[in-house]
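S.K.: Okay, here's what each chain looks like letter by letter:
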Amino acid sequence: MSWAQAILLARGLSWGWGGICGAALTGAPFSQAPLWAPRGLHRSAIACNSDSWLVPPSPEPPKGPPKALAPHEELFTQALGGTRDKANFVRAVQNFGQHNVYKRGHVDFIYLALRKMREYGVERDLAVYNLLLDVFPKEVFRPRSIFQTMFIHYPRQQECGIAVLEQMESHGVMPNKETEFLLLQIFGRKSYPMLKFIRMKLWFSRFKNINPFPVPRDLPQDPVDLAKLGLRHMEPNLNATVTIYQMPSSKDSTGAADPTEPHIVGIQTPDQQAALAHHNPARPIFVEGPFSLWLRDKCVYYHILRADLLPPEEREVEEIPEEWNLYYPMQLDLDYGRSGWDDYEFDIHEVEEGPVFAICMAGAHDQATLAKWIQGLQETNPALAQIPVVFRLAGSTGELLGSSSGLEDPPPPPPEGQEEEEDNQQRQQQGQS
Amino acid sequence: MGVGVLFLRRALAARPSRAPVAFATSRRLLRTSPPSRAFAKQLFLGKIEKKEVFPFPEVSQDELNEINQFVGPLEKFFTEEVDSERIDREGKIPNETLEKLKNLGLFGMQVPEEYGGLGLSNTMYARLGEIIGLDGSIAVTLAAHQAIGLKGIILAGNKEQKAKYLPRLASGEHIAAFCLTEPTSGSDAASIKTRATLSEDKKHYILNGSKIWITNGGIANVFTVFAKTQVVDSDGSVKDKITALIVERDFGGVTNGKPEDKLGIRGSNTCEVHFENTKVPIENVLGEVGGGFKVAMNILNSGRFSMGSLVAGMLKKLIEMTAAYACTRKQFNKNLSEFGLIQEKFALMAQKTYVMESMAYLTAGMLDQPGFPDCSIEAAMVKVFSSEGAWQCVSEALQVLGGSGYMRDYPYERLLRDSRILLIFEGTNEILRMYIALTGLQHAGRILTTRINELKRGNVTTVIETVSQRLRDSLSRTVDLGLTGKLGAVHPSVADSANKLEENVYYFGRTVETLLLRFGKTIVEEQMVLKRVANILINLYGMTAVLSRASRSIRVGLRNHDHEVLLSPPTLGGRRQETEDLYCKSRKTWEKRPPGPDI
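Residue numbers (my numbering), protein chains in the order written: chain L, 1 to 433; chain U, 1 to 599.
It is worth saying that the hints were derived from the structure and are not from the lab. Owing to the predicted nature of the structure, the values given are computational and were not obtained by experimental measurement. For each residue, glycine too, the CB sits at the ideal point set by N, CA and C. No incorrect hints appear here.
Now the stretches of chain U that chain L is said to cover, found in silico as 3 or more residues with beta-carbon under 8 Å:
no. : stretch
1   : 183–195
2   : 293–302
3   : 437–444
4   : 510–523
Pairwise CB distance ranges, derived in the manner of DEER restraints:
no. : chain 1 : residue 1 : chain 2 : residue 2 : range
5   : U       : 160       : L       : 320       : 30 to 40 Å
6   : U       : 257       : L       : 330       : 30 to 40 Å
7   : L       : 311       : U       : 160       : 52 to 62 Å
8   : L       : 241       : U       : 91        : 38 to 48 Å
9   : L       : 202       : U       : 475       : 46 to 56 Å
10  : U       : 407       : L       : 247       : 57 to 67 Å
11  : U       : 450       : L       : 320       : 24 to 34 Å
12  : L       : 375       : U       : 190       : 34 to 44 Å
13  : U       : 460       : L       : 236       : 49 to 59 Å
Bound-form chain U, shown alone (with noise of 0.2 Å):
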């Protein structure tokens, strides 16, 4: 019973410890400072930007109350009425259930307040999310709608827009959808078909062309339609351009095809939408005509840090369920828990969940600082964890479980179809793994150019002061970022992890300087090392928070906070490896042919 009952306890004690700051959007939208510099982004260079991650975000008693409002009855309901395994089996959400979700302002979470939304911080947001993901079909209907589906007309809409739309948005009365997928067209902008063209009188743009797999397409009646247009150049040439244009069904020629039959999430409504002639008034073009690959971009880049605390979320309930069963499941007159295999399993999934829940609450944090900080690496990165970690728990879970995990009358098996989604959607794993490491890399490039153009060119000096520093770092490996010492931002009982995490990033810094040396522009070719590039510094995102987090836990002595420092070293352990071995890696290849798949 002994590790059910404090793995639950951690769970819980987790709770109180994230930390929002909530700053009203309005007054958000007031603040002037420059956007600060991102924290993942100065990794690529060797270096830690402290003012980001250090304290972890705290949230003020005000918003604490605010949110635990919200939260009791949110979870009484998703444990007592929301029924799962029902909406599993009939593959649709019921409409009561509906009607309770938007009653309780779940449609309109992040909608600002002057149009009828909640106007919830990013870090409130997270933390009901927590709440949400215990259904994944729920969680992925309500994230159709506000994370994608309406994102759009918050993000780029203008005021008669946002007045038009957002308020039945917000209350639920409309549904949104996001339609970029195409049959010949997943992350390829240039192969999208469906058109949007100018009719005679200048007023309507005539859509036609078709979408699939578009969340919420047979139950929406907002949608974000991507679409090429003609564009006239500015040097007087006619090019296809994306627009993105708010569509209603009421505009007319909008069908629908039946509900997929899928895996996983099958209570969530996934279906083909065609457009016929649809007559979109030219009013209706989220921000500018032609500029509609960059508002998909920034929507897809906003939505995807939620999925942290939504996996965390479930991830926690289902460690409790199988906490459950490993302390009463006796075999040779012991319970399950007391075996080591089992233990270990559980310490995994307890690690995952808590480094996971920690970069959720982080990138959180950070999005709520004033001014508009750049997160868009940090969410690609916890979104990537998470999916990962979800899989991975889930997986591990059904082991501890046996053969209760296989079948279908538990709900243990639903869990493991619901998280394989999350590999896939919202950008593949993969793809975002391009994104993190060349969006860093190319920071990092601007910023080296003129030492690698030197070096390029065999000046005396520079090559003679990187080759002293190379010759520094394999002599003696000390390094010290400034996390720890007297004033040091972490406590000192993770001291040592910190100095880990000080050398990791170091000699990652190194890694990329070398990696561009070597590969310059071309690294784009060369994915197996992006792919590297990517893990690492998904870890050394995690190993930051993890740290950040166990640190404040001390200080301002949570319960439990013995146990999360515990956590922090085995998050450390494994990863720190990795950085090392591509560090030693790239160090080869510069001696040696380019590398194979291998390195």
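This is chain L alone, in the form it adopts within the complex (with noise of 0.2 Å):
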């Protein structure tokens, strides 16, 4: 209890008036849902979603007591008798209407169709959200006068919107002129949910295009599609040609494929080629990885092809050769450039990497997948047939490895099903961004 209050607190000193009228307001949750007393408490806090944009969710699923029925879970499961669509979802919710003339619960009912909203597949609805919002009772929540503008009106039900909108935020849905018109009509112009909404009109239309290399809504279920669409990502240049090496034998297994027969995929530029032909053939190169990459909510683990930096001694420096341009001097023979002072550079310490020359995705992770890779660029690559090759192959923790080869005995491929399951909440909120 002292930590829900503690929670309470922090979030009373960045919401000034609000905050404090919620702690003052804890009780209302406990008489309105008693069977979700605990939960309910960081549920209805407003600060409770943008917490847990940090905290990590518990890996107890979020779907309320599982022996108990939450109340009103009746009319969705009625429902379970059909498809998990959104017909019956927005059955369900119209049922609620038509049972209930008094809208007895409908703060619950709401919460509990947020959470079962990703079931029946109508997260990113943005009709869904506003039939949500139309089961508030309009006009009733109001504020009439100054003082109750002040004083939160109905918290229990502010709260109860602007947690509607939060679950539209972090699914990325714009709301629109119904969502607007709706929440005047149920909230009033000076209420904390109308408040939510205008920043989100702000801010949603400045963040849509921020990422410059957006990621598709729907991914590719098919693993080797996937694989390009992650090695289109990773390498945007246009000349890069994608080439399957080896396509998978069996289709039907979506997942992991039959580990005889795994899926090879590797992308390579001209330059890259370029690159690999002038290999000094006495320095090896490396395979390492797998490199975790993620592309929404699913995790893809790519290998690279790279070698270590030259060292200062044996790099080539180009020069200029004399008779080089027939119009005009490629340099003008001055004894004077820009000098010290004309540094505006902040003093930067630079790594410098070695040059990748390739870069795979595979369904299998160890060595045996990885050399037929590389058995296949020696086709586009003929230098490659000089050069050793060092596999340097770990488990999947995406980090950079040590010297240490992992060459005894290649790590189990990761367990990509449940990961996914567990990291599914976790990225589908960066994925947003």
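Using the hints, build the complex out of the two chains.
M.R.: Written as structure tokens, this is what we have:
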């Protein structure tokens, strides 16, 4: 309890009036939703959702107590006979309105519905959110005097409204005019949900296209297609060619392909090919990985073919030949250039890295599979036959490896299925931005 | 009608005022005066080399008479016999036209008289260029033949080579072509793939490789070919260097592809030329073995100035035709020529033509001066200005003509297509801008070296000097470089413009200094800055040419000289802004980060 109060207090500091009032009103959830008391406390607080951005969710699924049904759960269980789709979800919401003329317990119902949305696959549907907001009775919660505005009018309902908006936000759903109209009808202009709405309107439009390398919303299910997408994502150069070195032997297995014939997809640019052709065969090159790459809520693993940085004495200095350009001088014969005080750069210590020659994604992360990749690469890079290749493989930590090579024991492929589940919640939010 | 006639008269009036100074070629060679300082390079130091450009080059009465002898029949031939429409449609210059051109001596205009050419001075060559420019295909064919094709033999050939090749080339019996461009090599000489290897008896070079986009490639008998050869350096190392070779078609192994289908200048013959084990006698090396790079550069640099008059001739004809249209076409009971927006277009065309004509003849006059003046920057400026002016003016003319400008039945769209190539060949304008700016900056940089080094080291006197100079610049803006005044070089009626020019030149000099101080040799990388420097220099040169020519016209009392006076301020007006702009910006960069693409 004291922990919960501490959170509320912290929230109060940042929210000023609202926070203090919220703290004063913590009793409210207890009375309305006794079953939910311990959980409802964090849930009902406005700050709780923003906390969940920082604190990783507990492994226990946030679906409510498994034994006792939440109020109005039966509305959804009725629909269970059918499929879990938008139509059934909408029917459940409409049923609530029909069975419950006085809309008793609508706040709990909305919270429940919000939790159910993912199951029904409607978490990105603006119309459904608007429908949910429509559950609120109209005009009742509108403050009628300045004092009501000051001391949050119907805080629990307002928090619930904010929760709806917040879920929209975390799924990247932009509210529309209808949302605004509903909020106006329910809470009035000077209310916290309205404030949230205005902020969403402001920031969503600014952040919508902020990612210069957008990932499509619906990722391909086929691992080969997914690998292609991931590789293209890492190597946006349009000159790069994606090569499928090996198709998975059995098409039907989606997640992890047959271990004997996993897929191998690689990408290489012409520049990388040229660099590999010029590589000194006396220096070994390394296959490293697996490194992880997150595409929305999916994690894929890739390997790179790279070399160490050349020591400074071996680097070739590019010099301008004397008779090069027929039309104008390529360099001026002057003994001064930009001088030291002409350097406006910050003093950054830059670590140069060795060249990367190719990237691949494979269904398995063992040496045998990757050797096939190298074999495939040799067809387009004949120089590779002369260069010793060292495999440095490790677990799926995603960190750069030390000098120890993992020649002896290829690490087991990362448990993709499980991890995906867990990371779903964590990544879904980061994938939004 | 008034406007059209006015422009026509002006165009005609311009003719007697162009003023060739023709020294016989042989006489010129005897002079041993030191090469004069080029005008453009001095501009980079903020100085005007008055002797070079004032007064406007004059031509003696004899030369004038001589030229007029050529001009009359040539003009008649071009207006009456050359069917440009047919040349364009068939993609070929008819043989009888070519024969007539040869009879007129047009294939050897600049070949010295002793080798059977006309031995024309640059000014006279420019004058004839005005007429030849009436047909783009013929102009390009002739230019490829003599401005670059056989120019190598004149510039770098020895006596035997000249005696062997020039007479037949001058008569047009043989046609020359210039083979430099390759699929992988445009302006990048290092990537030339054509190779000439010395045969075992050391008497021949075996030439292998192919060249693309060779004008006259299909009809030429003599090629100037640039190929890589192995050259032993002074320190014993073997290097690949470029060598220029004279290759005859009869040497064997020379084949050419089919003529390319082009956007404009469709009558000129452009095709691929392949050399397969062609045996070239060792006597046919142009210049030194391994010295081909310099030969190529010299040929390219010397061939450019003529484009100015070529374009001016074409534009004058175009203005004539457009004016005739604008003065007859009636809309709302008014002639087109009475509308302000149409008049503005004519003003632009007249101004551009006047400027490029002045620049072309000024440059030609400089080139004709005794000694071997290095006018390659000036020539490049003429090329850039005239090619862009041509594109702009033709486009404006089409605008005046409306729909008929767009129709194939009229000659205008052909002029548009023909003029597009001007911005591309003989060095693209972008590359020439780099050349203009960098060559000048190199000159200025060498001279300013000590001063800049002192500044960089923080020498107190120099710093104070510089600071006080800048202070003075910002307080008072009267610059006097001696163009105006009692003994000034320009006529008092254009004194205003001259003052502006002086101011511009002065601030341009300061800008160059600031830029050099700021970037030093790394300015090579700052192409956006270089472009602006080149633009300003081109404008300054144009202004100077116009002032010089207008002053002369007034003093000599040419007809319509008042129009010339009117033309000079607008020439200057817009340009001034640009110089000041860069000047301010270059001063700002002094305090701020190096510029992005903006400056």
